[in-house]
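Trainee: Read off the chains here:
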Amino acid sequence: MAADSEEDFVSFGTPLEPLEEDEPLKKPVPLHEQTVKDEKGRYQRFHGAFTGGFSAGYFNTVGSKEGWTPSTFVSSRQQKAEKHHARPEDFMDEEDFGEHGIAPREITTSQEFSSSRRDPAAEKARAVGAQAALIPGDSLLEELIAPARSSVGVELLTRMGWKEGQGIGPRLKRKPRRQLPVTAGVCKTYSCALPPAGSEELEEDDEEFAPEDVTFAPKDVTPVDFSPRLGVQGLGYRGLDPCLALPGQDADRHVHLFRPQSETRSRLFGDRPGGSKRGGVAGQAFGVGALEDEDEDVYHRDSMSRYDTVLKDEEPGDGLYGWTAPQQYTRRADRSRDAAYLGKILDGFTLAQKPLEQKTVFPPPNLPRDYRPVHFFRPPVNVSRLCGVSPALAEALRSSRGHMVKEEAQQGGRHQLDSGQRGALLGEDALQGSGSEPGSVMDLLRPEDRQRLLNLRTATAQRPSQAPPPGPAPPLSGLQQEALAAWRGSSSSSSSSSSSQSFKPFENTPGKQVRYERYLSRLQQGDAGALEQSLDPAMTEWERGREREEFLRASILYRPSSSSLSTRFTRAQQPDAEDAGRDQQGDGQQAASGTFGKLTRETLEWHPDRLLCKRFNVPDPYPGSALVGLPKVKRDKFSVFDFLTVSEHQKATAPPKPLEEKKSRWDVSKETGRTQNQAGSEPTGPALDHCPSPPQGGPAEPHTAKEEEEEEEEERPSMDLFRAIFITSSEEQSSSSSEEDGDEDEEAKGDEEPVKLFGIASSPSSSRLAGPDLSSSVDFPSMPLALSSSSAQMPSREEEEEFGPKLPPPSAADATGGATASYQRSNRRSKEKKQKKKQQKHRKEKKKKKHRKHKAKQQKKSREEESSSSEDGEGVQPSTGDLLKRLKSIRTLNTW
Amino acid sequence: MAFPQPKPQPPQLPQHLLRTINCQQGAVRAVRFNVDGNYLLSCGSDKSLKLWSVGRGTLLKTYSGHGYEVLDADGSYDNSQLCSCSSDKTVILWDVATGQVTRKLRGHAGKVNCVQFNEEATVILSGSIDGTVRCWDTKSRRNEPIQVLDEARDSISSLKVSQHELLTGSVDGRVRRYDLRMGQLHVDLISSPITCVCFSQDGQCTLSSSLDSKVRLLDKSTGEMLGEYAGHKMKGYKLDCCLSSKDTHVLSCSEDGHVYCWDLVEGSLSLKLPVGKAVVQSLSFHPTETCLLTAMEGCVQVWGAQPEEAQDDTPVSQNG
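From first to last, the protein sequence lines stand for chains S and Z.
The first sequence begins at 1 in the numbering used here and counts up one residue at a time.
The second sequence begins at 1 in the numbering used here and counts up one residue at a time.
If you're looking for bench data, these hints aren't it; they were derived computationally from the structure.
A portion of the hints provided could be inaccurate.
Unchecked claim - Lysine to aspartate or glutamate pairs mimicking EDC-like chemistry, simulated, CA-CA at most 16 Å apart:
{"hint": "1", "chain 1": "S", "residue 1": "Lys806", "chain 2": "Z", "residue 2": "Glu120"}
{"hint": "2", "chain 1": "S", "residue 1": "Lys806", "chain 2": "Z", "residue 2": "Glu224"}
{"hint": "3", "chain 1": "S", "residue 1": "Lys614", "chain 2": "Z", "residue 2": "Asp179"}
{"hint": "4", "chain 1": "S", "residue 1": "Lys614", "chain 2": "Z", "residue 2": "Glu255"}
{"hint": "5", "chain 1": "S", "residue 1": "Lys598", "chain 2": "Z", "residue 2": "Glu224"}
{"hint": "6", "chain 1": "S", "residue 1": "Lys614", "chain 2": "Z", "residue 2": "Glu224"}
The following block holds chain S by itself, in its conformation from the complex:
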């Protein structure tokens, strides 16, 4: 709405720029820069108001070559100036002719073509007139000669003396007399229903009084008034429309100028005006005999003029007179009903053809005088005693007892009862020979036959009990399964008590209730065929079917509350993980009991990524949705990794600093690294480690290790220590592997190894960011199979790996054995290397363990290392030196 209204507006000029509060004030434009341009971008000079204002210039003339010189001036003596006929437009400028000027020169739609300005009332009236006319579509001629906006006809009429508000036509004599105050006539009409003849007489009488030479203009047709309703009248109230309500003489006077059948025309032509009357309102000509030619005055109705109390030449403009059709007084109701509603019927409603039927209200019967409102029952007739009575009679007797049978009131019809109940109701004696059960053919048999049959039956009954139950049992319906699922969980121990306590749906039929309970108990045992087995085989198929249905519904309806509740509620085990709680309570129970299936299965809607579908060559199952994953956002899990991933991304975006540090350290130890490469004494792939190492520096090593352990304090080493160690280890690993290239051709490692190395090394460094992950990534790097003390390694592993199933421990003994068996090398040098590496490996490993287990004091340790390395042999020397150097660098880092 607001947008529309905004669009409707036309904005002129350039809007002011929105004021910014803190904007510094603009510097005022100096005067010489204040220029004005016209539409074409030409500069306009400002003149004073008296020198022409803006745009005075045709080079400072007044927009014309001549300037202020009047155009009428002609300087020639001979050629006198013609008298210039000046029009207002001559004094207007473009602005005035513009769209919003005083004389807009725009192409606009004329009134005829404008869609909105069309007068719907006029068109409607025309259409009605056309229908009402004798020849439908009469108005065709009018449409052909449609008048122009200020029509020639109007002009002609005005020139002929017609005035606005007058009727058109020859001036009349009778008309004004009607308009005169005829008080007597009014009185008569209102006092009683005068015979029309009387009023006619009156008219005749009145006519004599009228002056001969005075003529009056005919009354004008009142246009339909569409003025807004301001009064307090009811909805749809309209004042009398004389055109419709008084078609009598007024309608005659109404001049249809172009209508050929109009009365005036016919009068002009000397025609009889007989049929023209029928053009008016229906029912007008009612009661007029077919042979009567002049019928207009037979049933004359009120005419408007009769009530005109205003002494006036012309009527007031609206011509309504506040008159509301009192014809019902003058006519019988049924006849005038249509007319009475004329003008009252709301738009969209029509008059009912049939009157509304009256509801006949019967009065209550008159009570006898001696009536007492007390009911007494007749003495009941004992039907059952009359054994020979026919059922119909018994029924009649029972109904005559004066009260209804209770059972029948409770249970809907006879189909609700079984045969036994029906028999009891009918007063039948129970069939002889049968006890509680309804009798069967068995009773009529001889005992020996019965026995034989019974034997047969037991034989057959045993068979199906072993085999799957016959009939419809195997395909369990959905309801049956539901009932089974609902009842199976409830423990059988509490079943008897619970069922006795619980609702008994078939209490009034004990046999049924017993069967129902039997069914329930079987359900609780998880018997799929519980329903069929608990039904009474003696009943008819139909009855059994009904009972089956009832049992099923009842069992589902009154399922044990424990199961129904447990499906809905769960005991929270942990305050935040309700799902987990539910799992352990409900489904977990099912899973634990080994009943997998519906209860342990959960099917969710899942939206795969569109690209994923494409890659899998599968059509997108949800082509429209942009959703990916589970539609319901169940963000209930907040794992550590949610936060870890963030740091991971950070790592990915920004090259981590530790890398830099590591690089620099690498640079420092470059020369030593090279020598180390030559010597190749670094710990290498675990394959080499498998070799049993004759401990050369072994005795020294454990000793120092012990000392270290003693000196270690209860402080946790700083992160830098870990980092340094693990970074260096990976470096060592890579350097050794690159060194292995020469020796082992299987190990194809390219020159890109150092590049890759950094990539690898970045992950431990990133693990520094991820706090808890550190320990798990810490423990492994070079340990694999080198340890002789795998048992010592195990506990630390176990306490570190806390997520999920572990990886089995790599056992050393077996692997090393295998290695010696298969890994035979002629290369002696490599073997030596291996041994040396092994040593170092050992040492490093121990160190690491110490780092993990206890807390190292850094400086001391490094010093120890120094001393021990000095004792080491030649081949080991470079690498230990390198190690020391690194440790020193760590120390310096620590001291920072």
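Got chain S sorted already, so can you dock chain Z onto it with the hints?
Mentor: Relative to chain S, chain Z alone:
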């Protein structure tokens, strides 16, 4: 009609040790057949991935580039690519011939337990200890996964892909099956941490082993349990299980150094294969033949239905 059906032969079991391969790469974390069963991949704890010939037991190539122990690997359908995952949180796509790293996929927040190609090797699916399965596009150079399946509440321990289905086993005790075609996720609760999941060859069943020392065969469509196999020991370690190539038997690793082999239908233990003293960590069944790979510590054993020729057999017996 006239002729009786040929008597079905008793299913053969891989009970003869054909050879033992010492992989010399630390503990072998996983051993996998390639798509046609001629080669095997061994994932070592020394960060290397090795490709071996099954028939001869020779090392063909070593793929190094992981920063930590390799935990799982898979080969593409055309044998041109390998993918492997590692504790260094990365998944690496390898070129088989050159041994170069084609792509290194980072994004997992923890160590990546399992990895699998899809059928056309257009997607790599990796399951991690961070509880997510990430779907990596191998066709584009995008470094982000196509989709991250983070429905699991605990570590993803195992993952398998069939044509349009994705089966994941998680430590939260649930087997999830993502059906891409239907757009559905089926969650089956096995109330014990899952160590390994498998599809059956016919694709109608799922096999899942869990830490309660049971292997369960579930109907894929309904989730009902069709079989339960017990007797082995799987209490703490993430061990594999699998089905035989003809779906006749269920095999599972055990912590007592045996591979247990049950009849699928009857659920009876039909073979208890002694592998060694330590934990049998991984196993893989040949896609078509009766051939089994087991991994124990640093060695991979190849088992067949028939004892092989003498010259191959002798060194095996030596080793065994």
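Trainee: All the hints need checking, so say for each whether the structure fits it.
Mentor: Evaluated hints:
Between S:Lys806 and Z:Glu120, the direct Cα distance comes to roughly 31 Å. Violation of the 16 Å bound is thereby established for this hinted pair. At roughly 28 Å between alpha-carbon atoms, S:Lys806 and Z:Glu224 are farther apart than 16 Å, so this suggested pair is violated. For a cut-off of 16 Å, the pair hint linking S:Lys614 to Z:Asp179 stands: about 14 Å separates their Cα positions. Simply put, S:Lys614 and Z:Glu255 have alpha-carbon atoms about 41 Å apart, too far for the 16 Å limit, and the pair is violated.
With a CA separation close to 7 Å, the supplied pair S:Lys598 and Z:Glu224 stays within the 16 Å bound. Straight-line distance between C-alpha atoms of S:Lys614 and Z:Glu224 comes to about 31 Å, which puts the hinted pair past the 16 Å bound.
The structure fails to meet hints 1, 2, 4 and 6 from the earlier list, while all remaining hints are met.
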